[in-house]
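A.B. asks: Taking the hints into account, I'd like the entire structure generated from these sequences.
Protein chains in written order, with the numbering used here: chain A, 1474 to 2115; chain B, 10 to 159.
Treat each hint with caution, since some may be false.
EDC-like, lysine to aspartate or glutamate: derived pairs with alpha carbons at most 20 Å apart [claimed, not checked]:
1) B:K74 / A:E2067
2) B:K96 / A:E2064
3) B:K75 / A:E2064
Far from chain A, some chain B residues (derived; all Cβ distances over 12 Å) [claimed, not checked]:
4) G59
5) R63
6) E70
7) Q117
8) N119
9) A122
Quick caveat, the hints were computed from the structure, so don't treat them as lab data.
For every residue, glycine included, the Cβ atom is placed at its ideal position computed from N, Cα and C.
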Amino acid sequence: MIVEVGHFALILAAFVALVQGVLPLAGTMNGHQRWQALARPAAIVQFLLIAFSYGVLTNAAVTDDFSVKYIAAHSNSLLPIQYKVASVWGGHEGSLLMWVLMLSGWTLAVALFSRTLPLAMVARVIAVLGFVSVGFLSFILITSSPFERLLPAPLDGRDLNPLLQDPGLVIHPPMLYMGYVGFSVAFAFAISALLSGRMDAAWARWSRPWTVVAWIFMTIGIALGSWWAYYELGWGGWWFWDPVENASLMPWLFGTALIHALMVTDKRGGFKAWSVLLAIGAFSLCLLGTFLVRSGVLTSVHAFASDPKRGVFILIFLVLVVGISLTLFAWRAPKATLGGKIALVSRESMLLANSVLLVVATGAVLLGTIYPLIIDAMNLGKLSVGAPYFNAVFVPLMVPVIFLMVPGGIAHWRESRGKELGRQMRWPALAAVLAAAAILIFSERGTWLTAMGMALAAWVVVGLLVQIVARLQKPGRIALSFWGMHLAHLGIAVVVVGITLVKGYEIERDVRMGLNDTVSIENYSFELVGLNEVNGPNYKAMRATVNVTKDQKPLEVLYPEKRRYFSTAMPMTEAAIDAGPLRDLYVSLGEAIEGDKPQWSVRVYYKPFVSWLWYGAILMALGGLLAVSDRRYRKSALSAAS
Amino acid sequence: MKARHQRFLLITLAVAALVTAGMFVLNAFQSNLVFFFTPTQVFQGEAPKGKAFRVGGMVKEGSLKKDGENVQFVVTDFANEVPVVYKGMLPDLFKEGKGVVTQGKLNQGNQFAASEVLAKHDENYMPPEAQHALDKAGAAKAVQTYKPAN
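C.D. replies: Written as structure tokens, this is what we have:
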């Protein structure tokens, strides 16, 4: 019964969303203040209804109500409680419900934290979000209701895919979704600016903190996904250029470009049309990502739907959003005034160059991601685009982006004198040359790629030190956003170090081991000392005991497992990792090899600096957090509104 | 330099950079496309020699032979077969009688030397390429028996 009430609440929410979209927008056109004022209460009611609906589904999962088809398909009575809660977003229908829950949450936040904004602007933003919500709610209600019953109810559920039974899963999708959905706020601000016809800098200022928050969530979401793949898929990779990963990387790249373009729009009044376009692009890529991941056109752990109706629905929605936005853009953008003149050497020109490069990189990733799908859809054959393509195009496009981070930060707005700029870049340049030389001279396995990676990292780190020193010499309080920016840029350098060193110096050994066999990598040795059966809550596992010694001194005992889940009989490799700041030791257990002496195939990996990938992401997220907590945003919102 | 000249230079530079980037992307793209072939197509000699491609279908029952790291098995679409050799650990869900997709090249002995055996995430999951190969070979009946009961 309560399940049906949850379903009904969702239907109501769709109507509220429609009201939230239509009336406030109409109010801004005919000047009715009352209609505009409906936006906030509608957003609140919509959120409450969806939250209730989501709570109902979670309750069904926790109480093992297998008469709900979705719960029966994605949960199991033996599943530990945290995974029961997570199973709500472990499948197609539930994850979409989470999508709209977050959308209504973001809308609620806009409604609550926009007191300083003009009413008409708030009405427009909330209305646009209302329309997006209408799209997704009708998608859920028409094609993918999570509240469908399954009668008679099965005795037990089919269980959550074992790969997803992991702490990483519990937080990865919500984080990523917060990011995806968060860009809808930036999008709504951009569309509102177009609708209002006043393409001034105010909308950029208002949407900056929202965009950064969405970007923070997305950064964390992507990093968690990569981390999860690293320790859960059992072969030590951290980025596969899988279409699903690309689907999250593309809006991140656009979002990064957007953050920087918005800064120029806010501070200098330039790039207005460009910022709007980036905001539309970022959100469209989020929708494309949702389409790719959830439509079933891709096959991966993320793809749930196999019903072609669903794919078509999201595709139509995507085409509508892009079509309407771009039409509106073509109509209104010419009114945008250009900002002040930009010189060839200026902070603006470098930011522009970087955002263009990020867009080109996104385009290259997009090409490799959807080309096979288009060819397949047109029945022209089956093909795939492998990781070599992505590596070949992405790295050379990112190198100039990272290079420009330093002169871009040092250069003045409007115009910078080449000589002065050159003088300030002496130290970063020296550091880069030294780093590259150190790799090429002292490291046996160092290649020019490794050298370039380390040079770039040194360039960025010393570059930001130069900027910090220069700023400290000037008077005045230093804004939090200044530290935020440099922390985020430091994060980029840390990621670059991680990628460079793990790519350059990792050692991977696939070996077979019997009891008491030893494998050595560098000065570490791994001895297989035991193998025994262990029982988990919903699986049985073969657990190996591997003694790790460093220079003959005991260091750690690792327990890689091979699990077999009862509900699916699906084997799962559970790697054991000794993580450290400078290196990870990674052991995963393969299958048994028959023979006179029992042996197992074992993967033993030495991964230097791999954790820096995730440290870097954390630094970027912290940097973003510092930037949004800057008081300036609240103050400037006030002053812009008055 | 006048502002107009400067802007002209800026635009020229940007266009040149974009064209270079575009050409470079397309070039990399062209050389990294990996096409898919069914066992029947491979049998009929349609697959490229000396270039990597993918082949998919079912792992033939009783064809899996392991010698430590070295693995041999046969991929079939029930019309034709391709012998595959592979060195390394097989993915968790690799099984005889289940769908598989592998990437690699044909070697001198007309065996398919796989560099990658694609890992699957779900035991009930049938790689669409493998399904496609079976459908193409007209082995519709055989497919039924392998389709997981939902």
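A.B. asks: Determine for every hint whether it applies to the structure shown.
C.D. replies: So, going through the hints one by one against the coordinates:
no.	hint	in the structure
1	B:K74 / A:E2067	11 Å, holds
2	B:K96 / A:E2064	14 Å, holds
3	B:K75 / A:E2064	11 Å, holds
4	G59	16 Å, holds
5	R63	7 Å, violated
6	E70	18 Å, holds
7	Q117	24 Å, holds
8	N119	22 Å, holds
9	A122	16 Å, holds
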